[in-house]
Structures are given as C-alpha cells and as structure tokens.
Amino acid sequence: MSALLRMEGVAANYGAVQALVDVSIHVDQGEIVTLIGANGAGKSTLLMTLCGDPRARAGRITFDGEDISNLPTHAIMRRGIAQAPEGRRVFPRMTVRENLMMGAEALGQPGDELPRVLALFPRLEERIAQRAGTLSGGEQQMLAIGRALMSKPRLLLLDEPSLGLAPLVVKQIFGAIRRLNAEAGVTVLLVEQNANLALRLAHRGYVLVNGRITMAGTGAELLAREEIRDAYLGGGAS
Amino acid sequence: MTPVATLRDAGLAALVAFGLFAPLVGLRTEVVEGGLALRGRWDDVAWLVLLAFVGRLAVLLLAGRRLPRLSLPAPLTRAGRHAAPFFLGLALLLPWLPFVERYELDLGILVLTYVMLGWGLNIVVGLAGLLDLGYVAFYAVGAYSYALLSLTYGLSFWVCLPLAGILAAFAGVLLGFPVLRLRGDYLAIVTLAFGEIIRVVLTNWVSLTGGPNGLSGIPRPGLFGLSFTSEEGGFADFFGLDYDPVHRVIFLYYLILGLALLTNWVTLRLRRQPLGRAWEALREDEIACRALGINVTVTKLTAFAIGAMFAGFAGSFFATRQAFVSPESFTFIESAIILAIVVLGGMGSQLGVALAALLLIGGTELFRDLAEWRMLIFGAAMVVIMVVRPRGLVGTRTPSIALKEKRAIGGNFVSEGH
Chain A
308 MSALLRMEGV
318 AANYGAVQAL
328 VDVSIHVDQG
338 EIVTLIGANG
348 AGKSTLLMTL
358 CGDPRARAGR
368 ITFDGEDISN
378 LPTHAIMRRG
388 IAQAPEGRRV
398 FPRMTVRENL
408 MMGAEALGQP
418 GDELPRVLAL
428 FPRLEERIAQ
438 RAGTLSGGEQ
448 QMLAIGRALM
458 SKPRLLLLDE
468 PSLGLAPLVV
478 KQIFGAIRRL
488 NAEAGVTVLL
498 VEQNANLALR
508 LAHRGYVLVN
518 GRITMAGTGA
528 ELLAREEIRD
538 AYLGGGAS
Chain B
20 MTPVATLRDA
30 GLAALVAFGL
40 FAPLVGLRTE
50 VVEGGLALRG
60 RWDDVAWLVL
70 LAFVGRLAVL
80 LLAGRRLPRL
90 SLPAPLTRAG
100 RHAAPFFLGL
110 ALLLPWLPFV
120 ERYELDLGIL
130 VLTYVMLGWG
140 LNIVVGLAGL
150 LDLGYVAFYA
160 VGAYSYALLS
170 LTYGLSFWVC
180 LPLAGILAAF
190 AGVLLGFPVL
200 RLRGDYLAIV
210 TLAFGEIIRV
220 VLTNWVSLTG
230 GPNGLSGIPR
240 PGLFGLSFTS
250 EEGGFADFFG
260 LDYDPVHRVI
270 FLYYLILGLA
280 LLTNWVTLRL
290 RRQPLGRAWE
300 ALREDEIACR
310 ALGINVTVTK
320 LTAFAIGAMF
330 AGFAGSFFAT
340 RQAFVSPESF
350 TFIESAIILA
360 IVVLGGMGSQ
370 LGVALAALLL
380 IGGTELFRDL
390 AEWRMLIFGA
400 AMVVIMVVRP
410 RGLVGTRTPS
420 IALKEKRAIG
430 GNFVSEGH
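One line per chain: the protein sequences are A and B, in this order.
Just so you know, we're using the numbering used here here: the first sequence kicks off at 308 and counts up by one.
Just so you know, we're using the numbering used here here: the second sequence kicks off at 20 and counts up by one.
Isolated chain B (complex conformation):
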C-alpha cells in the first residue's frame, strides 16, 4: 500500500470514529437549574479520533509483519534454573522481611491460595489434559465441608482438613463418572455446568448452607491447641510474647505455604510414578492408552479426585481464614482465573503456574488504585502473554525419565492453544 493510500485509510477510520464518538461522547446532558443543559466534551472526542487514526495507521504499517516470539535470552534461561529455589526462599522468609506489613502478608496468603489452586487444577488440565471449567466447585465443597463440620460438630481445623479433602475428592469422582466419555469442548461444557450446579445448590439449600447469607463464625485454626487470642493459654501467652494479631496472619501464611508445597510435592512425586505418566499419556493419546492396557476410567477418575482433593484443602483454608463462606465466593470467574493461571503459566509447569498466580493475583492487587482500568490491564496482559509466549510463561517440559541428564523439552513440543 502506498503511503497516501495508508493515510487515506487511517483518515477514513478517524472519520468513522468521529461519526461515532461525536454524539456518544461529545454531547453530554447535565442537570442544571430548571432542566437539562447540553455540554460539549470535544477535547475527549479529539483524543478518541486521534487514537483511532494512530491505531489504524499502526495496524496498516505492521500488518503482515510477524510479531516477535519472545525467547528468553540465554542468561535469563540460566537464571531460570535457580528461579524455583529463589522463590521458595523468598516465600519462606517473606514474613520476616523488613518492608512486609499486614497488607503484604494478606496479599501473600491470597497469592499462595491461587498458587495452590493452580497446582491442583494443573493435575487435571496440565497433566491429564481434561479441560475443567468448574474447578471452583471443589473449592466450594471444601470450604463448606469445613464450615459445616466445624460449626455443627465442633471439629478442629486439623480434623476437618482431611475430611474436606476427602469430600471434595468424592465430588471429583461424582463429576468424573458422567464425563468419562467426553473430551475437549464437550467435557468443558459439562464441568462448567457442574460448577454452576454446586453454586446454585449452595445458594438455594438454605436450611443447610444458609443460602445467600452464607455461614459465619467459622472457628479459627490453632497451633497444637494454642489459639491465636489475647487471653491466657493462647499462643502469645504460652511463648511469653506480647499479643499481636499479626501472629495469626503469619501462622495462616505458613499454613497455606505448607499446603501449597504439599500439592507441589505430591504432583512432582506422582509425575515419577506410573500413575502420573499414565495421566500424561492420556493427555497425549487416549486410544493409544487403551491399546497399552491402561485402565482409562481409573486414570481419569484419579486425576479428577486428586485435583479436587487439593481444591478441597484450599477451600478449607479459605473458610478458616475468612471465618465466613457464601456462594458469592465461588462464581465462574474464579474457575476462569484459576484456569487462566494454569494456561498462562504453561500447562504442566509447576514454576510457571506459581509465576502466573503471582502475576495475575498480585498484579491486579498492585493496580488497585487504577480502579476500573485494572481489569482492562489484566485482560491486555493476558493477551500479550499469549501472543508473545503462546505456550505459557514456562513452556518447557522436563522429561520424567531420562537417561543421564535431564534436558528441558523445548516449548515447540508443548501444547499450544488447547
């Protein structure tokens, strides 16, 4: 296209923009004494038209040019090997760093909750290749299990935690059975429906769950029977410390860190077991799995159950931290965010999922001051990541069995776009 034609095209786009924005943005009615008055906002219109002009020009000039695929420079790749220990150390030391206050700790807890959920969903989506859009259902089952068990029977957190995990795993099997024959899009739709069903049940079963009002007054966890209160026999009193409400937050922080690391450890262990490799084989080719004599039913159900179990643990933690649960916390957007974390992180990569959770959850917190622009930035960031690194932040896969040394598998062989 000649420069003149390009300019004319961009000018046309600007004209269309003016036609649209002049009445929509340029004219504004305002309430004044004795009625409405029309006020012009022509500077805003000018900016929008300019934006359309420049945008169209950029599209025309860059069209046909391939966007750069960001491959990390060598020093960064080398540094990547130390990334996992670095982040682990940072996570362990976080409460003791000088600049960390209550707010940072709460944010840390939030990020770690999503790291754990991401790792849990990674088992189902990243390893077994079963697209689950209703993962939040198991999170909800865990949270309500803990809330109901502790409120009704007065069981302690440490008794409820495994029970909530088991109940969530049971819910996972419950979901697993009807979807055994489904794959891809069809599976995604049914899991989506499952997530909604759980939420609707929680909203409407008022006698058990309190309906939209939720359940409140959920007991806080203690450390070996020591509660985090100011009274005698509490944690602070026992260790002869001055009472400080931050003690509880630090405790919760280490609790979720421990739970998240447990999820990671179990996943890494399972990947070296025949079961974990059967999951990966299932993701690659179901028919070949059957030909090899893998029991596909059992393999799928264990993936659902184990993934759900970790969501149940996370749900328990969520309930005890908030001391309040309601169906509002378990909407579809939660499932979508967790799935986004797994996909952006690079499916199957543990480090990638953790980084994506940090970026997505921590990032949106960071931009809190920008109010409604926050979600726009969030969305734009997701698009940019997927365009520049289509296989996720950490798009490599380490072989689970290797002859001598483990070589990372290039991003080219790792899944893209599904």
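The following block holds chain A by itself, in its conformation from the complex:
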C-alpha cells in the first residue's frame, strides 16, 4: 500500500537552529498517526515543514505520490491537506459560521461540508451566530478542527488539540477525531504532548527527540515500551 504522505530524510531549520534531522515518516490512507515528543523536540516544526514554512532544507516530501517539497504553502493546502494550527487560532471577531466558511472559501469551495461538520460538533451549531472570540477553549478547538474539515481534506493535521483544555473536553475532542477517522475515513496526523491519550487513539506513532525520530511502532507497542512510559507517561502511571 502506497503512503498518502511520505517524508524522506527531511531536515529543516527553525531560525538558525536545526530543528529536524533526517526525519522519515509515512502516513497511510485511513490511518491515525501520532507524533509525540517533549517540548521543543520539533513536533510543530515537522508539521510546519510539511506545509512548506519553513521549507525543508534536505529530503523529500510527497503527498499522494506528488512531490510537494518545493510548493508554496497555499498550493500545498490546496492539494487536500488541512491543518488545525497550534493554539487554535480561530478568527476571534468573526462568527462561528464565518470561521467555518473561511475554511471552504479560502480554497474556492462552496462550503457544502457545513452540515457534516455541525453534526460532528453539535456545540458549534448552538453557537453558530456567536463571535468565535467568545467561545470556550474547547469550543474554539472544535471550531479550528471544523474549519479545517470544511475543505474536505484527505489528510488532517492536528497540532496539540488538547492544549490547555480540561480532561473532559479533551476526551470529547479525541472522540470526535476517532469518529472522523472511522466514519468519514479522514487520515489524521496528530501532534500531541499528551502521549497517553494520543497513543491510545492512534494506529501508529513516532517519537521525536531533539529533531530525530527515535522510535516508531503501533500505538499499543509504544505504550508498552519502558522508555516511553518513563519519559512521557510519568514513570508507569497508567
């Protein structure tokens, strides 16, 4: 089975610092793949490099067989990749509906995905005419994911969707990601600090340490590894 997304030997800088070293990962169609690692390991840089900002200094990134390493950011996002960026970044003074519509209109699409997004996140439907800036953190995260889904992406990139959210809300959001993958068949690349939850959700995972991939395996495999439990799960606690 050929991978939907493949990064081969990718290196990238974040400013003057080399943030990614020889990173090779792949994401198959229909998978949830998670990327875990400590603060500053390069997780977000990896997602950003995928989107062409910063550009990969070495290596190759292919999406659906096409080399996207040298495309400008907006061209990459038009090929069926959508991102819910770190820290949500909803448009605070626009309504929920306008935010969602931006996700489709930015790519010249009519926005007919709206009913499905609202079905996935009923809370957004309740707040549809409200300013996005007045939503709670969890609702903003739902909005950011919903906005990314409006362009009917084949690959959804999620950057720390659990950031700053209450455990109950995180659970809701992870449930939605699982449903999205199982029912709509959306492929997901998930960057998370919450390794426990992420590895339980994902089919496969990669561990990023100081810009290098140090481990790879299925979610269950990684969860069982001693080193992972020590480093990311707080020394064997559940």
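These are calculated hints, taken from the structure and not from any lab test.
A couple of the hints might just be wrong.
[Stated by the list, open to error] Simulated restraints, written as ranges between beta carbons of each label pair:
#: 1; chain 1: A; residue 1: N346; chain 2: B; residue 2: T316; range: 29 to 37 Å
#: 2; chain 1: A; residue 1: T441; chain 2: B; residue 2: Q292; range: 22 to 30 Å
#: 3; chain 1: A; residue 1: P361; chain 2: B; residue 2: G236; range: 51 to 59 Å
[Claimed, not checked] A short, non-exhaustive set of chain B residues, derived as facing chain A with CB atoms under 7 Å:
#: 4; residue: P293
#: 5; residue: I306
#: 6; residue: R309
#: 7; residue: L311
#: 8; residue: I313
#: 9; residue: N314
[To be verified] Some chain A residues judged to face chain B by a derived CB distance under 7 Å, without partners named:
#: 10; residue: S376
#: 11; residue: T380
#: 12; residue: H381
#: 13; residue: M384
#: 14; residue: G387
#: 15; residue: P392
#: 16; residue: R396
#: 17; residue: M409
#: 18; residue: E412
#: 19; residue: L414
#: 20; residue: F481
Positions of the beta carbon are idealized from the N, C-alpha and C atoms, including for glycine.
Chain A is already provided as a structure; the job is to place chain B on it using the hints.
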C-alpha cells in the same frame, strides 16, 4: 485624600503655575519711544493660576473614578438604522436645498473627498488590518497622473480617471511587495517612508512635475463633451440655461458623490466575496489564513492595490477640481487626517467613516473663525471621542454571512487601539 490635603495639593499646583507663568506671561516687553518698556499682564497670570488650581482639583476629585463609556440610548440606536439612507438622501439633495450656497457646496465637495479617501483607506486598514501611514502617496500619484496625462496628451477627464486609478493601484503593489513580511509598527514605518518618498520625488523631479511650483492649468472635466463655460456649445447654452459658474460646482459635487458611492459599493460587494472575507481573516490571524490555504501575498497585494486605486480616483478628482497640483497638498498630515477619520469612525464601518469625515473636515471648517484655536478643538475632540467611544463612532460590525437576520456585532468584539 482628605479635603484639606486635596486643597493643599491643588494650591501647590497653583503655586508652581504662578512660578512658571509670572515671568513667562506676566512680564512683557514692548517697544516704546526710546527703547523697551516692561508691561505687566497680571490678570492673564491670575486666570492661568486659577485654571491650574481648578484643573488639579478636578483631577484629584475625579481620580479613580471611571469615565463613563458612552453607549447610545436605545432610540438613537434604532435611529441609527435609518442613518445611512438619511445621509445618502441629504447628500443627493444638498445642491437643491434653499440655504446651500457656493460655500456650502465647496465644503460638501471637500468633505466627500475625505469620505472617499476614508473609505479607500478603510479597505487597507479597516478590512485587511494593514496599518498604512502613507496613504496620501496614492492620492498624489492619482492627482499627478491625471495632471500629466491631460496636460501632456490632452486626454479627457473620463479617460484619465481609470488610468490614474490603474497607476495608483500599480504604486500600491509597488509598496506592497517590500512590506509583505512586515506587520504592525514596522509596516507603519515603511508606509510612512513611502509616502514621504513620493512627496520628495514630486518636489525634486522638476522637469516632470514642475517641482515645488506644481502643475497648473489642468483641464476641467466636461459632461459628455459639454464644458462648463459661458461660450456657445457649453453646458448652459446646450440646455438653454443662463450661464452660472455654480453649474460647474454642482457638477463637481455630484462627480465626487458618485465616486465616493462607487468606493462604498465596491467595498460592500467585496465584503460579501471570498476576497473581502479573506481580508478580514487576514486582519484577524495571518497564520490561520496560511493554514487554511489562503494566498497571503495575493490577498495583501489586492488590498493595497484596490485601496490605492480609490485614492488615485480621488486624486484625479482633486487635480481637476483645483486645476492645480503641487507637492504641498500631499504632506504627511493628510495621511494622518485620513487615518484619523478611519479610526474615529470605527475601523471597518462605512457609516462611521462617513460621519467621522463630516465631523473632522466639516467641523474644522465650522470653527474657522476661531483661527489658531481650531486645531486645539480638533485635537481635543479626537481625544474625547477615543475616550468615550474607544472603538470609534460606529463600533459595531455586521456579519458578512448570517443565518437568518443580521445582528450587529457589539463594540466589545471590534478592535480597539490598533
């Protein structure tokens, strides 16, 4: 603070004021026969000291108390819905109102020019959120384009108008490219420099622009080939009217009204298009825009270009109305006034910008008799507006897409202070 302490503090302020003003204001030298004489102006000093005392007292008594945020009473808000049609009707009928003379018409033209410039800048600052301190540069490009094209090639106003718009838009793109990566303060500085560069070029390129002397004898516009002159075949002759120079002023008035309404219409249309919403999204969050696949470069450049185009139109109109252009008309203070109109009006609000232009331009005209006190009142009015209504006169935003009915967005969610 106890009343005694308050009084003592105010008294101290008065003492300091006396120390300062006694030599500065109280003593005045005057030329008399055979030399200088010293004259005292102690009544003036007394007034100033009293002012300092009362002022300090007021500051102390009001300190800690929140200034009231003026929220409009309900009937006024309801009336606000009819404000736009009311002002439009007033603008259309103005030349036919009984009390309107030549002076009022000229003032109307001036106000409408600034309304148009405000609406144009609103696209760049209010919608796309790109702080532009050099907007007058595009106004200048439009004015000089029209002047040079009509003087050199004898092209008519209606041919020059779109050309001047295109040239100004081109200047907008020219400015846009180097500042694509800049935001906020840095962007403002570069646009400020751009405005100055254009003005300095206009002043020094004597062979083309006439330098500080400017260009004069710029042809007046006609209505479908009819010129507004007293000779045969002119406007008055054609319609069998008695010649009256006011005809031309009325024509110019409707011309600028039409141009301003065109600016408004295009802005309102664009706000409903993906491009206009991309501008608003850009103002909100540039990184999110990139994540959604919006081409940020193109979005920014179109905002600069379209905003500049309308300044170019306004510049053309300015040149033809004055029949004379010189670099003096395009100084930084013009940019500042236009920006003040946009900010005071409430960024992004069309009605607010129009009201602010009326207030600022019409208001300063109204106080013309007060001579140098005029600018003081102007400044004080700006401060008062920003304190009482920090989000501008019309600080609400109507959603560009809504489910059933459009609800105005409360001022709390509209930008403040940047």
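Okay, the hints, checked on the actual structure:
The beta-carbon spacing between A:N346 and B:T316, approximately 32 Å, falls within the hinted interval of 29 to 37 Å. The supplied range of 22 to 30 Å is met by A:T441 and B:Q292, whose beta-carbon atoms lie about 26 Å from each other. Between A:P361 and B:G236, the C-beta spacing of about 56 Å keeps the proposed range 51 to 59 Å intact. At about 4 Å, the closest approach between the beta carbon of B:P293 and any beta carbon in chain A falls short of 7 Å, and the interface hint on this residue holds.
Annotation: B:I306 was flagged as interfacial toward chain A, and the flag holds, the nearest CB pair being 6 Å apart, inside 7 Å. The interface hint given for B:R309 holds, since its Cβ lies 5 Å from the closest Cβ of chain A, which is under the 7 Å cut-off. Among the interface hints, the one on B:L311 holds; its C-beta lies about 4 Å from the nearest C-beta in chain A, closer than the 7 Å criterion. Restraint check, B:I313 versus chain A: the minimum CB separation of about 4 Å is within 7 Å; hint holds.
At about 4 Å, the closest approach between the beta carbon of B:N314 and any beta carbon in chain A falls short of 7 Å, and the interface hint on this residue holds. Hint on A:S376 is violated. Least Cβ distance to chain B is approximately 17 Å, over the 7 Å limit. For A:T380, the shortest C-beta to C-beta distance to chain B is roughly 5 Å, which falls under 7 Å, so the interface hint holds. Interface hint at A:H381: satisfied, since its Cβ lies 4 Å from the closest Cβ of chain B, which is below the 7 Å cut-off.
For A:M384, the suggested interface contact is upheld, since its CB lies about 3 Å from the closest CB of chain B, less than 7 Å. The interface hint given for A:G387 is broken, as the beta carbon of that residue sits about 10 Å from the closest beta carbon of chain B, more than 7 Å. About 5 Å separates the beta-carbon of A:P392 from the nearest beta-carbon of chain B, less than 7 Å, and the hint is met. Hint status for A:R396: holds, given a least beta-carbon distance of 4 Å to chain B, under 7 Å.
Annotation: A:M409 was flagged as interfacial toward chain B, and the flag holds, the nearest CB pair being 5 Å apart, inside 7 Å. Taking 7 Å as the C-beta cut-off, the interface hint given for A:E412 holds, the closest approach to chain B being about 4 Å. About 5 Å separates the beta-carbon of A:L414 from the nearest beta-carbon of chain B, less than 7 Å, and the hint is met. Here the hint on A:F481 is broken, as its CB sits about 21 Å from the closest CB of chain B, past 7 Å.
Hints 10, 14, 20 from the earlier list are contradicted by this structure; the remaining hints agree with it.
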